[in-house]
Amino acid sequence: MLDKNGIAKRIAREVKDGYFVNLGIGIPTLVANFVREDIEVEFQSENGVLGMGPFPFEGEEDADIINAGKQTITTLPGASFFDSALSFAMIRGKHVDLTILGAMEVSENGDIANWKIPGKMVKGMGGAMDLVASAENIIVAMMHTNKRGASKILKKCTLPITGLGCVKKIVTNLAVLDVTPEGFQLIERAPGVSVEEIKNATEGNLIIKGEIPEMKIA
Amino acid sequence: MLDKNGIAKRIAREVKDGYFVNLGIGIPTLVANFVREDIEVEFQSENGVLGMGPFPFEGEEDADIINAGKQTITTLPGASFFDSALSFAMIRGKHVDLTILGAMEVSENGDIANWKIPGKMVKGMGGAMDLVASAENIIVAMMHTNKRGASKILKKCTLPITGLGCVKKIVTNLAVLDVTPEGFQLIERAPGVSVEEIKNATEGNLIIKGEIPEMKIA
Amino acid sequence: MINKKINSVEEAVAGVTDNMTLMLGGFGLCGIPENAIAELVKLGAKNLTCISNNAGVDDFGLGLLLQQRQIKKMISSYVGENDEFERQMLSGELDVELTPQGTLAEKCRAAQAGFPAFYTPAGYGTEVAEGKESREFNGKMYILEKAFEADFAFVKAWKGDEAGNLIFKGTARNFNPCMCGAAKITVAEVEELVPAGELDPNQIHIPGIFVQRIFQGAHYEKRIEQRTVRQR
Amino acid sequence: MINKKINSVEEAVAGVTDNMTLMLGGFGLCGIPENAIAELVKLGAKNLTCISNNAGVDDFGLGLLLQQRQIKKMISSYVGENDEFERQMLSGELDVELTPQGTLAEKCRAAQAGFPAFYTPAGYGTEVAEGKESREFNGKMYILEKAFEADFAFVKAWKGDEAGNLIFKGTARNFNPCMCGAAKITVAEVEELVPAGELDPNQIHIPGIFVQRIFQGAHYEKRIEQRTVRQR
Chain Z
1 MLDKNGIAKR IAREVKDGYF VNLGIGIPTL VANFVREDIE VEFQSENGVL
51 GMGPFPFEGE EDADIINAGK QTITTLPGAS FFDSALSFAM IRGKHVDLTI
101 LGAMEVSENG DIANWKIPGK MVKGMGGAMD LVASAENIIV AMMHTNKRGA
151 SKILKKCTLP ITGLGCVKKI VTNLAVLDVT PEGFQLIERA PGVSVEEIKN
201 ATEGNLIIKG EIPEMKIA
Chain P
1 MLDKNGIAKR IAREVKDGYF VNLGIGIPTL VANFVREDIE VEFQSENGVL
51 GMGPFPFEGE EDADIINAGK QTITTLPGAS FFDSALSFAM IRGKHVDLTI
101 LGAMEVSENG DIANWKIPGK MVKGMGGAMD LVASAENIIV AMMHTNKRGA
151 SKILKKCTLP ITGLGCVKKI VTNLAVLDVT PEGFQLIERA PGVSVEEIKN
201 ATEGNLIIKG EIPEMKIA
Chain F
1 MINKKINSVE EAVAGVTDNM TLMLGGFGLC GIPENAIAEL VKLGAKNLTC
51 ISNNAGVDDF GLGLLLQQRQ IKKMISSYVG ENDEFERQML SGELDVELTP
101 QGTLAEKCRA AQAGFPAFYT PAGYGTEVAE GKESREFNGK MYILEKAFEA
151 DFAFVKAWKG DEAGNLIFKG TARNFNPCMC GAAKITVAEV EELVPAGELD
201 PNQIHIPGIF VQRIFQGAHY EKRIEQRTVR QR
Chain W
1 MINKKINSVE EAVAGVTDNM TLMLGGFGLC GIPENAIAEL VKLGAKNLTC
51 ISNNAGVDDF GLGLLLQQRQ IKKMISSYVG ENDEFERQML SGELDVELTP
101 QGTLAEKCRA AQAGFPAFYT PAGYGTEVAE GKESREFNGK MYILEKAFEA
151 DFAFVKAWKG DEAGNLIFKG TARNFNPCMC GAAKITVAEV EELVPAGELD
201 PNQIHIPGIF VQRIFQGAHY EKRIEQRTVR QR
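Protein chains in written order, with the working numbering: chain Z, 1 to 218; chain P, 1 to 218; chain F, 1 to 232; chain W, 1 to 232.
In case anyone wonders, no lab produced these hints; they're calculated from the structure. A portion of the hints provided could be inaccurate.
As the list claims (entries may be wrong) - Cβ-Cβ distance ranges computed for the label pairs, FRET-style:
1) W/Glu97 with P/Thr180: 34 to 44 Å
2) Z/Gly165 with P/Ile117: 23 to 33 Å
3) W/Glu130 with F/Glu130: 48 to 58 Å
Said to hold, decoys possible - Once the Cα atoms are required to be at most 30 Å apart in a straight line, the calculated BS3-like pairs of lysine-lysine come out as:
4) P/Lys120 with W/Lys146
5) F/Lys72 with Z/Lys168
6) F/Lys5 with Z/Lys123
7) P/Lys156 with W/Lys42
8) P/Lys168 with F/Lys72
9) W/Lys146 with F/Lys146
10) Z/Lys120 with F/Lys169
11) P/Lys94 with W/Lys42
12) Z/Lys123 with Z/Lys94
Every value quoted in this text rests on a predicted model; they were computed, and no experiment measured them. No residue lacks a Cβ here, since even glycine has one placed at the ideal position from N, Cα and C.
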């Protein structure tokens, strides 16, 4: 079973040389820590920066330079700042190659729910609806089940939808799944997790073809 | 009767302190020469400059700094350059206070035709259709009649339209006319021109109320 | 040069009255018009509709207007980090219209640029699309979103000149440029106001034609919401 | 940093084939991609559709492609100052789609920003509106215009860096920024190409994400169409 860093490590392997990547808040943010150092990747944050670097050293924070999570950041050579309209031109115009998001639920057909729980305080969708409606390559980072053990990988989302039919791949604490027209195809098992355990934790249609390898996240 | 400079001089009196103004090619360009020196006006050119100044001194031309007529220009303190999308945001978004255009024909209801003569080589509308569709304050500078003496101030335009119901005021070699719901209201006569002459040169409905003063363009 | 300079923050908010719709730049607390907000609190105008990506924190940013119950409705993409906001929303005192962030930016830009409406894929198939037209283009579904209509836009820039030209810094740019010229009156506050001619015409982010009033803010706190650092 | 630098003008036009749609920046001869145009002439691709505000003059700019009969169709707002253009158009060899200038810019920007279509008042009630949907918003009529679809965009900037970031100069900016990222592949040529990190991130007009290839042009003639001066 993977912890949050494990999920981030596995997703980092999906980040390819030359990719512009938008990372959501939470586990996705951790992905930046694990991207191979021999490839070139640029991180976009929808509040208006391309070419984000690591967090600043103490004392070097600049209130005018933050990411979408409102954290102080730095920029790398080649970075640029821009306004919100141009930022979403990048997103809506499909110039961002990979979007990594957290989710509360994902359904068989790739619907995602990650912005609202009825009855709870709703903070808003931020840029998530724009991202999921536009991105052609969306990977979701999430726990396979909720705290009560119920599956979050569903036939149909029960929570209000963020976007329809948009998720391509899911990396959970238990498995890597591809979203296919037939359902969730099991691609890899987390270390020490059996196919049976994944089956039990998945409410949506799970497709198992041949031997399922254990994932490598070294 | 006014010459082109006279028309420009008369129109210059319509330019008020604090106006952002877009000048079309031809007579409108001349208006800049006659604006009162004690008021502040900024000229916008739709190819991407605000705060145009006079033409450069010989030897100081910059190929990268031109107006929409492709003439070399200079800029004044406070000027800015921008792209074509933002330039038409200024125009379409009604941020330009006054637009001065030439025309081949204007009709009673304020339609303007100034981009195409069927059978002749058509060069295109440039930014004219955007300007006339958006501007709330359009003054047309034109000759009252064509070379054969036929009126260009018509009941209905005969040439392909550039925009509908948009012209507010017309300054010709003979007169100043306001476009009103009832027709062309005669406001001023050009020096030495009689109401009768204007009537004869105007095909559209001409409204004459009371004494019509001779225009002052000193 | 048409001079847009005003001499006091009182002039900045002159004309703001009850029931108006205001746009306010900023993302979180980054790039917010601090001085105008403080003056709006003093002014006390009530029943305001505020268009702003976020709603500040309890004791800063738009949170200050919320404390005084001056806001009737917020139009935002994300409204966390604010207990008073939550209380007013849950009690029904405050109306909240959540809008996808890119749609929010474009609704400003549409108003600025004279577009009445636009089609965006964001929100199709979700609650956001309820009551809105949808339409297919090239096999993909879009919803029709309308341009905002606002009375005042309050924005904050880094540098500005007396002609109203603005230059922003870092991610404090965010929604500020999109809001300029998107309301009937745009008021810009800047950290440094210089005479016209001192800014490079090539490097102006927002030309002065989009700004009706400009002033230099007396003081900027520039509070950091999530101070995050790494070890040396 | 993702390196967008290419080492020759041959690489700049690699992939351009017959029947493609190209966007080309510039207003008149100001800010046109001179080096890419010269190389497109050498390449000889035919039946091209060119989206460009103007069509050059007889012996410069897009006029060079017209001379070689490489252009099947021009999409422009104004096409004067070109005898060969006029000859081909009147003889029916060349198809011309005249588009209002602001609409032309926005059709580029819509493609760049992922908007399939937009409503503009420009052209309503004119020939331009023929065959297009029209619609009323707030008592005013608008027509629906579609985003462009293009294979290549060739743009020209003043300075650029290896990450593809661009800075334009003066009115040579014009349509160039709107075309970046509006085609499948955007090729930028610059007068000065610097390593990433040398340009101020605040002062970049077009971020590198919109540019796939960048190179420093070998030579710029920058011809002036209407040299206009005043007396000292």
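Now for the hints, and whether the structure bears them out:
| no. | hint | verdict |
| --- | --- | --- |
| 1 | W/Glu97 with P/Thr180: 34 to 44 Å | holds, 37 Å |
| 2 | Z/Gly165 with P/Ile117: 23 to 33 Å | violated, 52 Å |
| 3 | W/Glu130 with F/Glu130: 48 to 58 Å | violated, 35 Å |
| 4 | P/Lys120 with W/Lys146 | holds, 29 Å |
| 5 | F/Lys72 with Z/Lys168 | violated, 41 Å |
| 6 | F/Lys5 with Z/Lys123 | violated, 38 Å |
| 7 | P/Lys156 with W/Lys42 | violated, 51 Å |
| 8 | P/Lys168 with F/Lys72 | violated, 40 Å |
| 9 | W/Lys146 with F/Lys146 | holds, 18 Å |
| 10 | Z/Lys120 with F/Lys169 | violated, 36 Å |
| 11 | P/Lys94 with W/Lys42 | violated, 45 Å |
| 12 | Z/Lys123 with Z/Lys94 | holds, 26 Å |
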